[in-house]
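Trainee: Listed below are the residues making up each chain.
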Amino acid sequence: VVVDYESGNLRSVSRALETCGVSPLVSGDPADLRDADAVVLPGVGAGPAAMSALNQRGLSGPLREFAESGRPFFGICLGLQLLLDWTDEEPGAPCLGIVPGSVRRLPDRENGTALKIPHMGWNSVALTDDHPALHGIDPGSYFYFVHSFYAEPTRPEGVLGTTEYGLHFCSVYAKDNVVATQFHPEKSGPVGLRIYHNFVAMAARGARAS
Amino acid sequence: VLTRRIIPCLDVDGGRVVKGTSFVNLRDAGDPAELAAQYDREGGDELVFLDITASSDSRDTMVGVVQRVSEQVFIPLTVGGGIRSIEDVRRMLNAGADKVSINTAAINTPDLITDGANQFGSQCIVVAIDARRVVEGEEYPAWQVFTHGGRNPTGLDAVKWAQRAVGLGSGEILLTSMDEDGQLNGYDLELTRAISRAVPVPVIASGGAGNLEHLYDAFTGGEADAVLAASIFHFGTYSIAEAKNYLASRDIPMRV
Chain D
1 VVVDYESGNL
11 RSVSRALETC
21 GVSPLVSGDP
31 ADLRDADAVV
41 LPGVGAGPAA
51 MSALNQRGLS
61 GPLREFAESG
71 RPFFGICLGL
81 QLLLDWTDEE
91 PGAPCLGIVP
101 GSVRRLPDRE
111 NGTALKIPHM
121 GWNSVALTDD
131 HPALHGIDPG
141 SYFYFVHSFY
151 AEPTRPEGVL
161 GTTEYGLHFC
171 SVYAKDNVVA
181 TQFHPEKSGP
191 VGLRIYHNFV
201 AMAARGARAS
Chain C
211 VLTRRIIPCL
221 DVDGGRVVKG
231 TSFVNLRDAG
241 DPAELAAQYD
251 REGGDELVFL
261 DITASSDSRD
271 TMVGVVQRVS
281 EQVFIPLTVG
291 GGIRSIEDVR
301 RMLNAGADKV
311 SINTAAINTP
321 DLITDGANQF
331 GSQCIVVAID
341 ARRVVEGEEY
351 PAWQVFTHGG
361 RNPTGLDAVK
371 WAQRAVGLGS
381 GEILLTSMDE
391 DGQLNGYDLE
401 LTRAISRAVP
411 VPVIASGGAG
421 NLEHLYDAFT
431 GGEADAVLAA
441 SIFHFGTYSI
451 AEAKNYLASR
461 DIPMRV
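As you go down the protein sequences, you meet chains D and C in turn. Going by this note's numbering, the first residue of the first sequence is number 1, and it counts up by one from there. Going by this note's numbering, the first residue of the second sequence is number 211, and it counts up by one from there.
So here's chain C without its partners, still in its complex pose (with noise of 0.2 Å):
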């Protein structure tokens, strides 16, 4: 059976991972391709890296880290931030990312999806969705999408947003809870259900885990067919095997 996906997400800026990890055996812990190994080793079934570098030649950096991690680790590797052309899509591809993480150009240039569909396929467009819930309005509950890492508001609606995305060429859609995100409260469980029956690809649930019980929720309460976890696994507070195991011992299907 189809098993739900673990997916840890690192930030990297300037080519070297930020938000820390604990990770005692690593000669580098800031080095990607070290950190993306360890993920492997310990189960994770796909990993995201984020790049948050502001400066406009992070995208180099990134090729190179992109190019570096993909020669020593198999598994599904998708990458995100500042990607705004198809220029950028193919650069990262071709360096060796399986997917492309698309956010803020998606909303400004929605050709930019069909293209990147057109060109390499629906499997490798990943539609980011930052949302915060709206708390007036007479279409409640409903949320809405934000871009530039959740600061503005663009006065989508997430759901419709999304649906589409998909419709443009998505092939799976990374959803981010901008109220849960850091909180450790659990993932925003209402948004990642309305956002998994609506569309019809996969959906990665982000922004929230602070216990294992969360990732368990999302899959359940959620309907997300994958989550996205950074501080949990970062600070050492669970191993990935650990909370396979804790899913897998509740009757979700996971690789372990």
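One chain only, chain D, in its complex shape (with noise of 0.2 Å):
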């Protein structure tokens, strides 16, 4: 299921996940969540325009339990930021609350010099662990970016990728079934098209074992 909720590129991701051999079912209904196999939460825009769409939705407490289910999920840009509990994009607004965390916004500045914002292109990954989300996508590979905003994780476990703008921030988060991606995978290529297609793999082997 592709959640829909009024705020993601659904069109694109739909299309990557078509390429992979499945037809994705993209609904804002909670019920299908439910019984869903597999989840992707993408997500462009405002983190808390987004947490508003969700819960008026009832959205929001469904993601949090078919995370916890164990059954696979995957959040694309937007989608990664909303796992943390707050974002700063407005004083004390609270997101999904799956990861530890808070959602920071990106320096304008380093060392004296500005920095474009929105953190728009092209930039590298730096991979610290192996997942099955991961497999065959060489460390240092190149994805592609648009964000004002990043998560920043409280805890080291699950960061498993991180990126260089003004600072080092978490670009993978994957942790057990939970997988997110500060890049755009449907907008990175070949490479990109890689992770859905590991994603989709995690989702047909946890559609067999049960």
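The set of hints was computed from the structure by calculation and includes no laboratory data. As the structure is a prediction and not an experimental result, all values here were calculated from the model. Any given hint could turn out to be false.
A few chain D residues facing chain C, derived, Cβ under 7 Å [said to hold, decoys possible]: (1) R11; (2) K116; (3) P118; (4) M120; (5) G121; (6) W122; (7) N123; (8) Y142; (9) V146; (10) K187; (11) G189.
The beta carbon of each residue, even a glycine, is placed where N, CA and C say it ideally should be.
Hey, can you piece these two chains together into the complex? The hints should help.
Mentor: Below, the structure is given as structure tokens:
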């Protein structure tokens, strides 16, 4: 299920999944979420507005439960940031609270030089550990980013990829069944599609096991 | 580190690519989807399609083009040309474009920038600015914004308009020097640098690239974040790989 809460680039995510041989159900219905084999949470735009949309549709609780259920969960861009406890986009704005930590604003300066915001373009990801979602991805691969905020998990477990822009930030989170990337794998050419492929494989294994 | 971007640009007329390309192995050198896939394979970082069709139903044709391209190519796609309303923006984004570029409409109806940014996010709204150097007057160097393909003077100062556009919600500026466009003599570096320093968002330089050193200059002297290139890639003068290898060899961060 690709979660539809009016805040995501649904088409490109769905198309990427289709190239991996699956036909995703694009839905904003919590019931579909509960029955899903795997969930993809896309997202562009503002965190607080997205949380509001998720809450209004009754999706926040089911998303937390889904992540806890051990079934494969893939968050993309804003979908990574929404996993954390809070976002600095608005003071005290809560997110889903699936991963301890906060969402912070990227710096607009580095050593006195101005940094353009949003962080837009291809940047490399330093991978620190393996995970089924990352099979076949070369360390230092380039992915496409476009964001102004970044996720800062409190604990290092699960931070499997970092990227540098003014500072080193978490660009890949992967722990057990929960995978999330700050970059857009559906905009990152073949190496991005590889991540979708890996996620679909995780879902297939899970479906066979149950 | 964040790499600079090389963005090939294709002009599309009635659903077909114009301005020629020299790819020899393509079944159909005028098919946007094939050319997009080719540029993707060659290392293009993003793609820009400009709809130059004059007719009023060109938008429908373009929607079909965008759908087909976005089914095959998984890098960012920006679509521009004749986008005038929020419905036009929505149609293109729903069809599969990642960003839309608005030019004349941004000046005539600036609310379009804000509405677009509010509904879809600033990162989706590129404001394209065509500028010509002002040669007389007290405020030199300065550049004036032109609309309608660089023909109609607006009286607007390019730097001030860029700042206003970003203030209204534009997430990126596509800057074309109408003086240099097509001249193959290099980009207007002063203009590019002035705009880049004036706005906090990324700036794409366009207009004038004739050789690889021009690209290098755009990133260094021009302080551009990305370059749009049409002629030098279309006519086979250079390949994207050659351009990127050259730039990387001169220490410009590149995805190679």
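Trainee: Each hint needs a verdict: does it hold in this structure or not?
Mentor: Right, here's what the structure says about each hint:
no., hint, result
1, R11, "6 Å, holds"
2, K116, "5 Å, holds"
3, P118, "6 Å, holds"
4, M120, "5 Å, holds"
5, G121, "5 Å, holds"
6, W122, "4 Å, holds"
7, N123, "5 Å, holds"
8, Y142, "5 Å, holds"
9, V146, "5 Å, holds"
10, K187, "5 Å, holds"
11, G189, "5 Å, holds"
In this structure, none of the earlier numbered hints is contradicted; all agree with it.
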